[in-house]
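Single-letter residue listing:
Number of protein chains: 2
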Amino acid sequence: MLQTILIKNVLLNRIKPVTSKANGNTTNILIEGNRFKNLHAAPDTKADITIDGSDMAILPPFYNLHTHAAMDILRGYADDMPLFEWLNEHIWPFEAKLKPDDIYWGTRLAILEMIKSGTVFFNDMYFEIDETIRAVEEMGVRAAIGVTMMENHQLAVREEKFDLLRNWSDNDHRRVMLTTAPHAIYTCGEQLLRDCARLAAETNTHLHIHVSETEQEVTDCLKAHDTTPVRYLDRIGLLGPNVVAAHVVHVDKEEIQILKRRGVTVVHNPCSNMKLASGIFHFADMMAEGINVAMGTDGSSSNNNLDMREEMKMATMLAKVSTGDPTCLSAQTVLDWATVNGARAFGIDAGVIAEGKLADALLVSLNHERMVPCYNLTSNWVYATDSSCIDTVICDGRIIMQHRHVDGEEDIINEIRKRYK
Amino acid sequence: MLQTILIKNVLLNRIKPVTSKANGNTTNILIEGNRFKNLHAAPDTKADITIDGSDMAILPPFYNLHTHAAMDILRGYADDMPLFEWLNEHIWPFEAKLKPDDIYWGTRLAILEMIKSGTVFFNDMYFEIDETIRAVEEMGVRAAIGVTMMENHQLAVREEKFDLLRNWSDNDHRRVMLTTAPHAIYTCGEQLLRDCARLAAETNTHLHIHVSETEQEVTDCLKAHDTTPVRYLDRIGLLGPNVVAAHVVHVDKEEIQILKRRGVTVVHNPCSNMKLASGIFHFADMMAEGINVAMGTDGSSSNNNLDMREEMKMATMLAKVSTGDPTCLSAQTVLDWATVNGARAFGIDAGVIAEGKLADALLVSLNHERMVPCYNLTSNWVYATDSSCIDTVICDGRIIMQHRHVDGEEDIINEIRKRYK
Numbered sequence: 028m029l030q031t032i033l034i035k036n037v038l039l040n041r042i043k044p045v046t047s048k049a050n051g052n053t054t055n056i057l058i059e060g061n062r063f064k065n066l067h068a069a070p071d072t073k074a075d076i077t078i079d080g081s082d083m084a085i086l087p088p089f090y091n092l093h094t095h096a097a098m099d100i101l102r103g104y105a106d107d108m109p110l111f112e113w114l115n116e117h118i119w120p121f122e123a124k125l126k127p128d129d130i131y132w133g134t135r136l137a138i139l140e141m142i143k144s145g146t147v148f149f150n151d152m153y154f155e156i157d158e159t160i161r162a163v164e165e166m167g168v169r170a171a172i173g174v175t176m177m178e179n180h181q182l183a184v185r186e187e188k189f190d191l192l193r194n195w196s197d198n199d200h201r202r203v204m205l206t207t208a209p210h211a212i213y214t215c216g217e218q219l220l221r222d223c224a225r226l227a228a229e230t231n232t233h234l235h236i237h238v239s240e241t242e243q244e245v246t247d248c249l250k251a252h253d254t255t256p257v258r259y260l261d262r263i264g265l266l267g268p269n270v271v272a273a274h275v276v277h278v279d280k281e282e283i284q285i286l287k288r289r290g291v292t293v294v295h296n297p298c299s300n301m302k303l304a305s306g307i308f309h310f311a312d313m314m315a316e317g318i319n320v321a322m323g324t325d326g327s328s329s330n331n332n333l334d335m336r337e338e339m340k341m342a343t344m345l346a347k348v349s350t351g352d353p354t355c356l357s358a359q360t361v362l363d364w365a366t367v368n369g370a371r372a373f374g375i376d377a378g379v380i381a382e383g384k385l386a387d388a389l390l391v392s393l394n395h396e397r398m399v400p401c402y403n404l405t406s407n408w409v410y411a412t413d414s415s416c417i418d419t420v421i422c423d424g425r426i427i428m429q430h431r432h433v434d435g436e437e438d439i440i441n442e443i444r445k446r447y448k
Numbered sequence: 028m029l030q031t032i033l034i035k036n037v038l039l040n041r042i043k044p045v046t047s048k049a050n051g052n053t054t055n056i057l058i059e060g061n062r063f064k065n066l067h068a069a070p071d072t073k074a075d076i077t078i079d080g081s082d083m084a085i086l087p088p089f090y091n092l093h094t095h096a097a098m099d100i101l102r103g104y105a106d107d108m109p110l111f112e113w114l115n116e117h118i119w120p121f122e123a124k125l126k127p128d129d130i131y132w133g134t135r136l137a138i139l140e141m142i143k144s145g146t147v148f149f150n151d152m153y154f155e156i157d158e159t160i161r162a163v164e165e166m167g168v169r170a171a172i173g174v175t176m177m178e179n180h181q182l183a184v185r186e187e188k189f190d191l192l193r194n195w196s197d198n199d200h201r202r203v204m205l206t207t208a209p210h211a212i213y214t215c216g217e218q219l220l221r222d223c224a225r226l227a228a229e230t231n232t233h234l235h236i237h238v239s240e241t242e243q244e245v246t247d248c249l250k251a252h253d254t255t256p257v258r259y260l261d262r263i264g265l266l267g268p269n270v271v272a273a274h275v276v277h278v279d280k281e282e283i284q285i286l287k288r289r290g291v292t293v294v295h296n297p298c299s300n301m302k303l304a305s306g307i308f309h310f311a312d313m314m315a316e317g318i319n320v321a322m323g324t325d326g327s328s329s330n331n332n333l334d335m336r337e338e339m340k341m342a343t344m345l346a347k348v349s350t351g352d353p354t355c356l357s358a359q360t361v362l363d364w365a366t367v368n369g370a371r372a373f374g375i376d377a378g379v380i381a382e383g384k385l386a387d388a389l390l391v392s393l394n395h396e397r398m399v400p401c402y403n404l405t406s407n408w409v410y411a412t413d414s415s416c417i418d419t420v421i422c423d424g425r426i427i428m429q430h431r432h433v434d435g436e437e438d439i440i441n442e443i444r445k446r447y448k
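These protein sequences, in sequence, are chains A and B.
Its first residue numbered 28, the first sequence is counted upward by one per residue in our numbering.
Its first residue numbered 28, the second sequence is counted upward by one per residue in our numbering.
Next up, chain A with everything else stripped away, as it sits in the complex (with noise of 0.2 Å):
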């Protein structure tokens, strides 16, 4: 038998709300073992679990496109500092001491994080994976793991890498999935870039990698390859529908169009873009073109947290005062760029409220003081709340957090606290 959840009198945001008068009305919502099975059931329903949904309303979660989690455990570490040095000086000498352990703790803490802000997915390129997914098994979110390629790898570490994904099977892990995730030109040769393609394509995974992040990455591979990122990537054969491009930010229309016939999802970073200076995202010529955005918080080192609200406000902030248009990216753009189209990324049937789609949601209070007064449902979520109005997260047609608390936490900050002072 499966598992049934009853949530009522919840309210449900039907029609994207232009008019201040479209906020929906409540109802009963049915989850039957992992899909939402009827948005109007009646009120006596039998169920195994019943909510009371008064006073809440039901929204799709998040689905945090371009992550490293475990880098949690370097939150604050080193900030207002060139990329460079950032890098050099703080960032890897910290990582070069990381054992398997960090990552399983430092990853428990990312998705601590991603369930309190109302994820319940993240597209993840690190190392030590197993332990990337032990914690994403323990803990009930969706996850695409990605296996990170890099040049400076042995070869017989390379084989291991592609060993690893030929050999995977989802069917014995519900919510993870693994990807290919050559990590960027500039850290990945065109050999290694031809494989990844290749082994992508053999294993049906997606292919995960950062694309013209910086001005420097583009001047670079001028030198180098004569030519543009995208322009590189497309002529070696490896933008197709399975790639998820992280950043994005420094392309012309041409390239723009390129992704697009491709097929390719771009994933928006603004936090990241504008913490490290990187630069702003060309949201309007996407937009334009039709191309599948998400977005993503990158890791906590240049965020510094993974809440995909605050990246929602951001996106919106920076795009209105950057084109000196007020009317641009609405609120229900960066929610549908935050949700069904990260969901859509990935194939997983989910990111709406709709009978048959996964259960993934949220129930956000109508009480909190900043969801008062509610004209418009969608422009208090993207431009008034925080996170701390979320009060339940379901994942998968399972409760992963009720009453703001997740099993388990208290375990997870007394580690984190006792390990990195």
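Among these hints, one or two may not hold up.
Note that the list lumps identical chains together, so a pair holds whenever it fits in one copy or between two copies.
Unchecked claim - Derived DSBU-like pairs: lysine-lysine, alpha-carbon spacing no greater than 30 Å straight-line: (1) 35 / 448; (2) 35 / 445; (3) 287 / 126; (4) 287 / 384; (5) 35 / 188.
Think of the hints as simulated: they come from the structure by calculation, not from any bench.
Start from chain A and add chain B according to the hints.
Positioned in the frame of chain A, the structure of chain B alone reads:
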């Protein structure tokens, strides 16, 4: 006898945390009446109230230097539209229908929101100030409440407002001061501005005014007065150390020098300037001249919250990406802007945790998932966490929030939900 509060075992961040090691030590802090009496009290010190500060840090609270508090009831009423349409078709028609009761409840909601996000003082400009005063006095915060002057008020109204300032006595209202608040150069004629400057001098009040918020304001000023807004205000003798100028986005270097020479405090409102696409604040020139820069949120209809923590992050993110320099505008600098610089502008002897200073403070949880690890408390506070890490708020030696609860908050939420649907 003065009331005493002992905060035991709390982390006091004494040294500016420029390195990862300088995170202070725990101590016992004694408050007597409305001032910090002893930062290193014996643990067995007797006090009327004892707070367990274990696993918490004490931080200065926020001083929000530019608000239209009652506009909380317009939160999300109209977004993502051009300024003119926003004002003419939405904000002003709504405001025309407001009654004194609306101002009272709107301000109470705003103060609730401010307390919950760590703010103990706001510099306000709106209407029906009796209602605003009532809300401030009831809820235990501090405020400078503007007697707003605009050209379209009848002469009798103006005289009444002038008399209000002349007859005001701070002695009867400990935490409330009034300010002379000519709205802006485009809503007040030259005579009214001159009268306001004289009135502020006569009544020894601060003068709160919008200055150079938009490019339009500068263009119109050039047409009408053949000079730019700051030069115009200086020519008519309005600028002085009692002036708090909000926004100040569109100014040249010479105007910044004028502001410095006159001792004006400038208020940076990054969210509002970004959301309305007003422009980018010249933080570097302001800092180079040594201007007293403070921070504000503006009203909730153009933000859409009153969260000074979010405002700090927005300020430093915008500064870094707009200059291309990740080292500029450090976390410590924006924290100073949002705390001690704001208090200093109004001669409030607070904004730092020090013996003899007014007892305004926050206790923030060090067990919050975004406060760990804690290499640098200031970095975590500005970049990583959100308001949910604030456990306790103390203003003028009184506890106005404890364990995230504010007295009467349920009544405020219920009333707002009933009134504005």
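We went through each hint and held it up to the structure:
When the C-alpha separation of residue 35 and residue 448 is checked against a cutoff of 30 Å, the pair qualifies only between copies, where the shortest distance is 21 Å, while the shortest distance within a copy is 44 Å. For a Cα distance limit of 30 Å, the shortest separation of residue 35 from residue 445 across copies, 22 Å, qualifies, whereas the shortest one inside one copy, 41 Å, does not. Within a single copy, residue 287 and residue 126 get their C-alpha atoms no closer than 40 Å, and across copies no closer than 53 Å, so neither meets the 30 Å cut-off. For the homomeric pair residue 287 and residue 384, the shortest alpha-carbon distance inside one copy (26 Å) is at most 30 Å, but the shortest distance between copies (60 Å) is not.
Proximity of residue 35 to residue 188 under the C-alpha cut-off of 30 Å is found in neither arrangement, the shortest distances being 47 Å within a copy and 52 Å between copies.
In terms of the numbered hints stated before, the structure departs from hints 3, 5, listed from lowest to highest.
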